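Assemble chain L onto chain U, guided by the hints.
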Amino acid sequence: MTTFTADVYQNEFLALGATDVDAVVTVSASGAAPAEAPAGAAEIVIIDASGSMVHPSTKLKAAKRATAAAIDAIRDGVAFGVIRGTDLARAVYAPDGALVPATDETRAQAKAAVDDILASGGTAIGTWLLLARDLFERTDAGLRHAILLTDGQNQHETVEELESALAACQGVFQCDCRGVGTDWEVAELRRVASALLGSVDIIAQPDDMAADFRAMTERSMAKGTADVALRLWTPQGADVRYVKQVAPAIVDLTDRATPLDARIADYPTGAWGDEERDYHVSIRVVAREAGDEVLAGRLSLVVDGQVITQALVRAVWTDDPELSTRINPEVAHYTGQAELAEVIQEGLEARRSGDEATATFKLGRAVQLATEGGNEGTLQLLDRVLEVDDPATGTVRLKRHVEEVDEMSLDTRSTKTVRIHGTSP
Amino acid sequence: MTATCPAGHVSTTTDYCDQCGARIGSAEPAHVPPDTSATSPSPVSAPCPRCGVPRTGRDRYCESCGLDFTATASASAWAVTVGPDREYFTRTAAEGLDFPYDESARTIALDGARVRIGRRRPPGEDGPEIELGDPAVSRLHATLVNAADGSWAVVDEGSSNGTTINAQADPIAPHVEVPLSEGDRVHVGAWTTITLALRSRAA
Chain U
1 MTTFTADVYQ
11 NEFLALGATD
21 VDAVVTVSAS
31 GAAPAEAPAG
41 AAEIVIIDAS
51 GSMVHPSTKL
61 KAAKRATAAA
71 IDAIRDGVAF
81 GVIRGTDLAR
91 AVYAPDGALV
101 PATDETRAQA
111 KAAVDDILAS
121 GGTAIGTWLL
131 LARDLFERTD
141 AGLRHAILLT
151 DGQNQHETVE
161 ELESALAACQ
171 GVFQCDCRGV
181 GTDWEVAELR
191 RVASALLGSV
201 DIIAQPDDMA
211 ADFRAMTERS
221 MAKGTADVAL
231 RLWTPQGADV
241 RYVKQVAPAI
251 VDLTDRATPL
261 DARIADYPTG
271 AWGDEERDYH
281 VSIRVVAREA
291 GDEVLAGRLS
301 LVVDGQVITQ
311 ALVRAVWTDD
321 PELSTRINPE
331 VAHYTGQAEL
341 AEVIQEGLEA
351 RRSGDEATAT
361 FKLGRAVQLA
371 TEGGNEGTLQ
381 LLDRVLEVDD
391 PATGTVRLKR
401 HVEEVDEMSL
411 DTRSTKTVRI
421 HGTSP
Chain L
1001 MTATCPAGHV
1011 STTTDYCDQC
1021 GARIGSAEPA
1031 HVPPDTSATS
1041 PSPVSAPCPR
1051 CGVPRTGRDR
1061 YCESCGLDFT
1071 ATASASAWAV
1081 TVGPDREYFT
1091 RTAAEGLDFP
1101 YDESARTIAL
1111 DGARVRIGRR
1121 RPPGEDGPEI
1131 ELGDPAVSRL
1141 HATLVNAADG
1151 SWAVVDEGSS
1161 NGTTINAQAD
1171 PIAPHVEVPL
1181 SEGDRVHVGA
1191 WTTITLALRS
1201 RAA
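Residue numbers (the working numbering), protein chains in the order written: chain U, 1 to 425; chain L, 1001 to 1203.
Excised from the complex, chain U in its bound form:
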């Protein structure tokens, strides 16, 4: 039985006339991990087999090994399949057009089928996702997870086609995305991952792929509770400015709201194992008199239509500046983490368009924020594209020569956050 707890971190005191209430909510789940094979789980590996996957040939070979490693990590009884993606999608392993429960025999059959995969043709990620959706929908599994690997841009379909595929897949399954090499588009894959509540990362070296695929599958196997929603009630006259997951990575959920009535909306959070995640909620309320208190938000978690825990975000107006100017450390930390992701993406964009002044300024700010936030991993990545003169003030120079893989790693991992004491959740 899964237990969720939610803790709120905020400074509830607002100056007179102030309207914006910010809070960080830490949600932790325990007892969510399945002891045995998760009944009703399904897993699909989508492997890019476009012609470029054999340039160099190590890419496709590594992808096949990685897919085999993922298949080996699928627990007995979990329904699974493999899709070969080119400008078409093909179920390489889904006997009789359906996912099959994992056994030693089916795992071996699937690995043999993967081994046969030939690289040819183009890339149309939307069609791959739609086939995965069809296969998932033929199962009664509640926990549905896919791994998508690509090495190139989505050239064989339009942005609209991809968007309509994403809309059709949202809520049907979650998908972790990986890009191998440097010919894929970070923003494009980030869009796919965030729409399907998954992670995105770069695999710089084909040889690293197998360990990563195994780890992703193991994480997926550790999920025990599907389709958890974050429900937010706000009072009359209030506006939700944003709802973001801020740890382990930034995922903006604001536009994903499903309104239940004028004051209540549900935000999807996907499947949970035993884990902690942090959310930053920002609500604009109507200002009140000194001493007035209102509830700015009531957050709860909803599993199978049951509300299982709740947390209160409060607002108290005061004329005491001592109280209203206090900075809540959690809110400040995650405000910095969100800005960090933003300035990295904007800085790299400016660098690509040749605007060195903006790039230097934005990436300098990124160094400063990463130093303050304790983002060790991000600092190392920044170090590969910058000469850092003074991290505290963000004084930096752009390196003349930057490896493309370093720039893409920085971009891809910009949304990865650390928690307040510098640890990963």
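Hints in this document: simulated from the structure, not taken from any laboratory. It cannot be assumed that every hint is accurate.
[To be verified] From the structure, some residues in chain L lie toward chain U, with a derived Cβ separation under 7 Å:
#	residue
1	Gln1019
2	Gly1021
3	Thr1107
[What the hints assert, rightly or not] Straight-line C-alpha distance at most 25 Å; calculated SDA-like pairs for lysine to any residue:
#	chain 1	residue 1	chain 2	residue 2
4	U	Lys61	L	Asp1098
5	U	Lys111	L	Arg1116
6	U	Lys244	U	Ala257
7	U	Lys111	L	Ala1105
8	U	Lys61	L	Arg1120
9	U	Lys111	L	Gly1096
10	U	Lys111	L	Ala1167
11	U	Lys61	L	Thr1090
Remember, it's a predicted structure, so these values are computed and weren't measured experimentally. Positions of the beta carbon are idealized from the N, C-alpha and C atoms, including for glycine.
Here is chain L on its own, set in the frame of chain U:
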């Protein structure tokens, strides 16, 4: 249980007003995901194996080309030519493979109810009837199926890279019989084309 907030709202929550949020002290709709089920394709009836014109009733001879259906039902009426196909190889644009110029086509008589097409097995292991060295052919790639009227159809067995017919761009759906006529070309793997031929009636 309800409470009344300082502003006079009746609230179902008793800690704070469920309307204006004022301090004082839930019903949840069910959320059911939509269910869509898959449909399976319907079978296709076999046309004349030689010219493709639909067969009417239980006619012995084809209305169009005069083929004697009873004659074709006998064993060895049909054969396939199997070999590397340069044009198909160029079309698939299989990366990282070289075309096997030294491999020539062979003719295999079709016998029995099912003729399997698949990857060549190591010596000593039982393989499919049509064994191929093509690296992009799956272990069991496709099966040629002899229909009751003596004509042949092909079924893709869920192969990794698919089966196409007559240079079409889209592969056929797996596990669905696709009727074949004389001269139809079945493409598998990176370069292999299998052409269906009607042998001389004298054979």
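Results of checking the hints against the structure:
Given hint, Gln1019(L) at the interface with chain U, holds; its Cβ is 5 Å from that chain's nearest Cβ, closer than 7 Å. Hint on Gly1021(L) holds. Least Cβ distance to chain U is approximately 3 Å, under the 7 Å limit. Because the closest C-beta pair between Thr1107(L) and chain U is about 26 Å apart, greater than 7 Å, the hint is violated. For the hint linking Lys61(U) to Asp1098(L), the alpha-carbon distance of about 17 Å falls within 25 Å, and the restraint holds.
The hinted pair formed by Lys111(U) and Arg1116(L) meets the criterion: a straight-line CA distance of about 21 Å does not exceed 25 Å. Note on Lys244(U) and Ala257(U): the hinted pairing holds, with a Cα-Cα distance of about 11 Å set against a maximum of 25 Å. Between Lys111(U) and Ala1105(L) the CA atoms are separated by roughly 31 Å; this puts the pair beyond 25 Å, and the hint is violated. Proximity of Lys61(U) to Arg1120(L) is assessed by CA-CA distance (about 21 Å); at most 25 Å being required, the pair is judged to hold.
A C-alpha spacing of about 21 Å is found between Lys111(U) and Gly1096(L), which places the hinted pair at or below 25 Å, so the restraint holds. At roughly 29 Å between alpha-carbon atoms, Lys111(U) and Ala1167(L) are farther apart than 25 Å, so this suggested pair is violated. With a C-alpha separation of about 22 Å, the suggested pair Lys61(U) and Thr1090(L) falls inside the 25 Å cut-off, and the hint holds.
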